[in-house]
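Protein sequences, first through last, are from chains A and B. Everything in the first sequence is counted per our numbering, starting at 1 for the first residue and increasing by one. Everything in the second sequence is counted per our numbering, starting at 1 for the first residue and increasing by one.
Hints are computed from structural coordinates only; laboratory data are not their basis. There may be inaccurate statements among the hints.
Unchecked claim - Straight-line distance between alpha carbons at most 27 Å, and here's what the computed DSS-like set of lysine-lysine pairs gives:
| hint | chain 1 | residue 1 | chain 2 | residue 2 |
| --- | --- | --- | --- | --- |
| 1 | A | Lys246 | A | Lys165 |
| 2 | B | Lys152 | B | Lys464 |
| 3 | B | Lys219 | A | Lys65 |
| 4 | B | Lys464 | A | Lys105 |
| 5 | B | Lys537 | A | Lys105 |
| 6 | A | Lys11 | B | Lys316 |
| 7 | A | Lys165 | B | Lys98 |
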Amino acid sequence: MSTELPEPASKIELKPGVGGGGEIPTFDITLRVRRYTPESTADAYWEDFKLTMYGTDRVLDALHKIKWEHDGSLSFRRSCAHGVCGSDAMRINGRNRLACKSLLKDLDTSKPITVEAIKGLPLEKDLIVDMEPFFQSYREVMPFLINEGHEPSGERYQSAEDHAKFEDTTKCILCAACTSSCPVFWTDGQYFGPAAIVNAHRFIFDSRDDAGDMRLEILNDKEGVWRCRTTFNCSEACPRGIQVTKAIAEVKQAILSRTI
Amino acid sequence: MQVHKYDVVIVGAGGAGMRAAIESGQRAHTAVLTKLYPTRSHTGAAQGGMCAALANVEEDNWEWHTFDTVKGGDYLVDQDAAEVMAKEAIDAVLDLEKMGLPFNRTPDGKIDQRRFGGHTRDHGKAAVRRACYAADRTGHMILQTLYQNCVKHNVEFYNEYYVLDMLMVEEDAYREDGTAYKQKRVAGVVSYDLATGELHIFQAKSVVFATGGAGKVFKTTSNAHTLTGDGMGIAFRKGIPLEDMEFVQFHPTGLAGLGILLSEAARGEGAILRNSEGERFMERYAPTIKDLAPRDIVARSMANEVREGRGCGPNKDYVLLDLTHLEPAHIDAKLPDITEFARTYLGVEPYTEPVPVFPTAHYVMGGVPTNIEAEVLQDNDTVIPGLFAAGEVACVSVHGSNRLGTNSLLDINVFGKRAGLSAAKYAATADFVELPEDPEKFTSSQIDSMLNSTGTERVSVLRKELQDIMDANVQVFRDKDSLDRALVVIEELRERYKNVSVQDKGKRFNLDLLEAIELGFLLDMAEVMTAAAMHRKESRGGHYREDYPNRDDENFMKHSMSYRDATATTEGISGIRMETKPVIFTRYQPMERKY
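Throw the hints in and build the complete structure from the sequences for me.
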């Protein structure tokens, strides 16, 4: 609910230096990229690139600098470049991150910064993996609203409290950072993985949905939520700040309370 | 090379494409071809909301929404289309709610609504709460909800299939008055499979273009790297006109230096703009609705503050978006994502510090001309049977010379749905058009010559020069000299483009090659935008000519129509023919536009 606010002042005294500013520093980095170019070389290999970058640059800017100024064959997915499209999840210094949200200045630039494809999905070329198995798991949890009742003429009502029960999991951008950070997923390709469970959670806890039981049944499978070992890698990896492990725990709890 | 046959082929899987697919997929054998995985589309970056006169929190009606849309577009809006959009907005929101979209709610559980620029009560009396929203990620929720429903309806996607050409035939035909003309008909599209480098022909009775915009023509832009005007470029090369391409929206609040969008919802929730003197300068430019004036006015006002020396920062080249008078809890509830952008990318804490912002290229109001059934026109009124377009690629025209905030999310839902229905309906009775001989010939020779080129020009160098020249000369302020400067460089870049080579010679995931092809579309779009800007010797909406600072209804109350025509010259630019098309008026006569 929007609240009425008093009119802000027409004029205020700005603090000196407000709004950032100052010279943007430059610094040198080594980006160590895991290359895989099956059309020319059978095995993956590391390649170092020495680059001069700016203080506001992200890992994605460094990758673009390589592609645009050094080696056009370096291949990676990207689109929006500000953390909402989910194209550029990759392992940066061993942790799953979006390249467009990882500022270089926040990394240790005294050592080479390693960049490699996310793990657990078939590697296609350089930083590109086959996303199809990931989306297959997503589709299996029926990630869409199912409502058995007759269609209302207007909107369905939902209280702010009911909305809050699943709002966190609606933020998912399907980047696969969580699923491909999960050690269970690495060793067992059949496991649904955190992202699929997050998207099931988004509907199971939506007061407008009637198919929660069916989804809980799917996730009660041997490749379902019980494979989760609560290592919290997924929560740590999520670029949207979704509390993934908590969502999985809520799904586990829902299965238990349902079967009692 | 494989040939696929579908009743309906939809090109693009953003909001418009997927909204079309949900309708078409339930009625006809439908495929969606998309250069990205569907959930990567830039609809997901839209933030603030989607307007509809639900009147859930205060009095409102669709006629006021129509008026605001027409006035917001500085009367260059086709009013029949604006009426359709404002009327169908209500069902469009309810459709999304029923599909599962998690809107923010009022205390009594209804869809909540908030203020947005240019949306007013009773024809401009005061700002109105009309925008339905899901925090500041409304576009994300629309994109996810539409994708979820495509999964539900088993819509067939071809992911990472780049459509690079449209297959068209021309037939002799006669108008009612007996004059002969060439009737275009669509036979299908040619697409490039990113994973394998193979070409696939898709023969279809109906083709829907929903390929989005062309913001990457500019350096500072809120647009994704992939928004390179492909669909507009393909249509243009096929002799289909592009309407109103001089009108590009510069969103006022891009993060300074980066262009990343900070939603107008920030100002809808009470944030204001200040200059280096701490002054709320919009009080001078739009005394009634101030910071919630339409985007063209706010962007120009900001640029003017900077030009007159009241910019902030070491280079005095941006202004400030001030949220510091808002409650942190309110900011967290309503604007969580954009405040996170300010923290992540500029290191600014919006609770306590104002955020550096400057206008960023955001939206192309023009595009492929359509009627309200989303049918594409090959001239001012001749429909191309079987060809449809919706969303940013299209110009119906509901945005005229300046789009109101939230009306793009509305446009993709209303006209995406209409395009899907129209395409399925047409396919139900139409026959396939026979494919031309060697349908892939143009595309395969383009790819081969790019891969085999030993040219010395680099795509990234040309693209950067193009984006720099467009930012410097074709942004919020334009005049003949600046447009001339841009055109000289664009023509030079078009020549140099012939000498471009790519380093990646492989077939698998060759994004190097595709960036080169995308650059060709960008160059075409830059040329046509600049030519149309040169042609329009007046100031209206998003197009401001310093040498013609007033609106000139007598000479320019009409749409521009740019055609690729090797034999023509317009404004000294060879290869483009410029025509005009009347604006459709229903209720509202032009008035001076004040806020």
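Right, here's what the structure says about each hint:
1. Restraint check: the Cα-Cα separation between lysine 246 (chain A) and lysine 165 (chain A) comes to about 12 Å, which is no more than 27 Å; the hinted pair holds.
2. Distance check on the hinted pair: lysine 152 (chain B) and lysine 464 (chain B) sit about 42 Å apart at the alpha-carbon level, beyond 27 Å; violated.
3. Annotation: proposed proximity of lysine 219 (chain B) to lysine 65 (chain A) holds, straight-line Cα distance about 16 Å (limit 27 Å).
4. Restraint check for lysine 464 (chain B) and lysine 105 (chain A): satisfied, since their Cα atoms lie roughly 25 Å apart, inside the 27 Å limit.
5. In summary, the hint linking lysine 537 (chain B) to lysine 105 (chain A) is not supported, as the alpha carbons are separated by about 47 Å, beyond the 27 Å threshold.
6. At roughly 18 Å between alpha-carbon atoms, lysine 11 (chain A) and lysine 316 (chain B) fall within 27 Å of each other, so this suggested pair holds.
7. Restraint check: the Cα-Cα separation between lysine 165 (chain A) and lysine 98 (chain B) comes to about 18 Å, which is no more than 27 Å; the hinted pair holds.
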